[in-house]
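Given chain A, work out where chain B should sit, using these hints.
Number of protein chains: 2
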Amino acid sequence: MMEIKLVKNILDANDRLAEDNKKAFEAAGTTVINMIGSPGSGKTSLILRTIEKLKDKCGIQVIEGDIASSIDAQTIAGKGIDALQINTEGECHLDANMIRQAVRSFELKPGLLFIENVGNLVCPAEFEIGEDFKVTVLSVPEGHDKPYKYPLVFSKSTAVVLTKCDLMPYIDFEMDTFISGIRSLNPNCRLFVVSSKTGEGIDEWASWLEGLRRR
Amino acid sequence: MMEIKLVKNILDANDRLAEDNKKAFEAAGTTVINMIGSPGSGKTSLILRTIEKLKDKCGIQVIEGDIASSIDAQTIAGKGIDALQINTEGECHLDANMIRQAVRSFELKPGLLFIENVGNLVCPAEFEIGEDFKVTVLSVPEGHDKPYKYPLVFSKSTAVVLTKCDLMPYIDFEMDTFISGIRSLNPNCRLFVVSSKTGEGIDEWASWLEGLRRR
Numbered sequence: 001m002m003e004i005k006l007v008k009n010i011l012d013a014n015d016r017l018a019e020d021n022k023k024a025f026e027a028a029g030t031t032v033i034n035m036i037g038s039p040g041s042g043k044t045s046l047i048l049r050t051i052e053k054l055k056d057k058c059g060i061q062v063i064e065g066d067i068a069s070s071i072d073a074q075t076i077a078g079k080g081i082d083a084l085q086i087n088t089e090g091e092c093h094l095d096a097n098m099i100r101q102a103v104r105s106f107e108l109k110p111g112l113l114f115i116e117n118v119g120n121l122v123c124p125a126e127f128e129i130g131e132d133f134k135v136t137v138l139s140v141p142e143g144h145d146k147p148y149k150y151p152l153v154f155s156k157s158t159a160v161v162l163t164k165c166d167l168m169p170y171i172d173f174e175m176d177t178f179i180s181g182i183r184s185l186n187p188n189c190r191l192f193v194v195s196s197k198t199g200e201g202i203d204e205w206a207s208w209l210e211g212l213r214r215r
Numbered sequence: 001m002m003e004i005k006l007v008k009n010i011l012d013a014n015d016r017l018a019e020d021n022k023k024a025f026e027a028a029g030t031t032v033i034n035m036i037g038s039p040g041s042g043k044t045s046l047i048l049r050t051i052e053k054l055k056d057k058c059g060i061q062v063i064e065g066d067i068a069s070s071i072d073a074q075t076i077a078g079k080g081i082d083a084l085q086i087n088t089e090g091e092c093h094l095d096a097n098m099i100r101q102a103v104r105s106f107e108l109k110p111g112l113l114f115i116e117n118v119g120n121l122v123c124p125a126e127f128e129i130g131e132d133f134k135v136t137v138l139s140v141p142e143g144h145d146k147p148y149k150y151p152l153v154f155s156k157s158t159a160v161v162l163t164k165c166d167l168m169p170y171i172d173f174e175m176d177t178f179i180s181g182i183r184s185l186n187p188n189c190r191l192f193v194v195s196s197k198t199g200e201g202i203d204e205w206a207s208w209l210e211g212l213r214r215r
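Which chain is which? The protein sequence lines are A and B, in order. Residues in the first sequence are numbered consecutively from 1, following my numbering. Residues in the second sequence are numbered consecutively from 1, following my numbering.
Bound conformation, chain A alone (with noise of 0.2 angstroms):
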């Protein structure tokens, strides 16, 4: 019973400080998406071709976030676009405190704000941290069944973004099994099929992004 308060009460801690960064979001303007997805699903490579489409039309900033490494971080601020690196040091998702440290020292820009949580399909998607969507980044090679054995990124995600999909003529992906599995938790949810690699795609789910924007 006491893990149990415990953890409830680690989850209304975490929400109210979500409720305080989402203040600081608005009053900056800035529109923050929050992108999750298994390691290797391609959510880096997914913000790096957005930038491409968009940073001429809207301010564009990223925070990145891995239990070690600043790999990421590095490849997109070589793109000359703001981009922070959270470091979790061993925790498996990112929190709302560690993204109001994370803002202290930076300055939020009216426009998309990204935010990569750390890779994994399950544990980002309990934790709140002030973000106006949240996208679940799915690859191709994963396979068609994930919504069935991981529903609740699926069930509070806004759009969902299938990527690589230049490999789904190598691969048995029964595409009509995932849509009723995203459907059946999450009816309104936006479905976008890509290739980073091909660009695929990428302009539809690039203009859904602009829609977003505050201003």
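Since the hints were derived computationally from the structure, they do not count as laboratory data. Treat the hints with care, since some could be wrong.
Which copy? The list can't say, so a pair holds if one copy fits it or any two copies do.
Straight-line distance between alpha carbons at most 25 angstroms, and here's what the computed SDA-like set of lysine to any residue pairs gives [unchecked claim]:
1) K197 - D166
2) K109 - N87
3) K197 - D145
4) K79 - Y148
5) K55 - G181
6) K55 - T88
7) K197 - F173
8) K53 - S180
9) K22 - P110
10) K79 - I171
11) K197 - Y148
12) K197 - L167
13) K197 - E174
14) K79 - D172
Okay, now just chain B, sitting in the frame of chain A:
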């Protein structure tokens, strides 16, 4: 401070239960392999291929850990193998208590017991369940940088199985970088490169497993 203490107590309590599980496995002559990898890394397909190779040579049992659904245990039971599904109902990893309860409703047999952990490259590495060996399962599409970003599971594993090697021609996977990452964390770790689709590398992996048996 309170949180840190509690986490330590939980891990201590888990380790004690894991020791009990280990004794039960030893007494039954069961060698237990804890299979850890992201969603869609190919854990179940690898277990199915391994069953084909070894089922006439030694006893095989499987425990499937998933947050939701019993898709995997049904698939494995369909091959005539003892299979038990654990649904963690939201928990992102298996722990020793879950395994203890599962084993009570399961007649342990001499041979190999594969425990497929929840699809997650992070949290399962922190929880001992009484296994003899941890094996990291990573697929080629997840990328060569994963040992650098998720070091714990690679450092604790006796072997790494790189799956979906049939996709190598379509993906920029730098094998040297991957191997260096593993070696720097875990110099004695075995590496198997396999495709459950084509069968490549499965013989070597299966032979290694055969050598792990207690009797």
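Against the structure, the hints come out as follows:
{"no.": "1", "hint": "K197 - D166", "verdict": "both (8 angstroms within a copy, 18 angstroms between copies)"}
{"no.": "2", "hint": "K109 - N87", "verdict": "within (22 angstroms within a copy, 43 angstroms between copies)"}
{"no.": "3", "hint": "K197 - D145", "verdict": "both (23 angstroms within a copy, 17 angstroms between copies)"}
{"no.": "4", "hint": "K79 - Y148", "verdict": "between (37 angstroms within a copy, 22 angstroms between copies)"}
{"no.": "5", "hint": "K55 - G181", "verdict": "neither (34 angstroms within a copy, 33 angstroms between copies)"}
{"no.": "6", "hint": "K55 - T88", "verdict": "neither (28 angstroms within a copy, 42 angstroms between copies)"}
{"no.": "7", "hint": "K197 - F173", "verdict": "both (18 angstroms within a copy, 14 angstroms between copies)"}
{"no.": "8", "hint": "K53 - S180", "verdict": "neither (30 angstroms within a copy, 35 angstroms between copies)"}
{"no.": "9", "hint": "K22 - P110", "verdict": "within (14 angstroms within a copy, 55 angstroms between copies)"}
{"no.": "10", "hint": "K79 - I171", "verdict": "between (32 angstroms within a copy, 23 angstroms between copies)"}
{"no.": "11", "hint": "K197 - Y148", "verdict": "between (27 angstroms within a copy, 23 angstroms between copies)"}
{"no.": "12", "hint": "K197 - L167", "verdict": "both (10 angstroms within a copy, 15 angstroms between copies)"}
{"no.": "13", "hint": "K197 - E174", "verdict": "both (21 angstroms within a copy, 16 angstroms between copies)"}
{"no.": "14", "hint": "K79 - D172", "verdict": "between (35 angstroms within a copy, 20 angstroms between copies)"}
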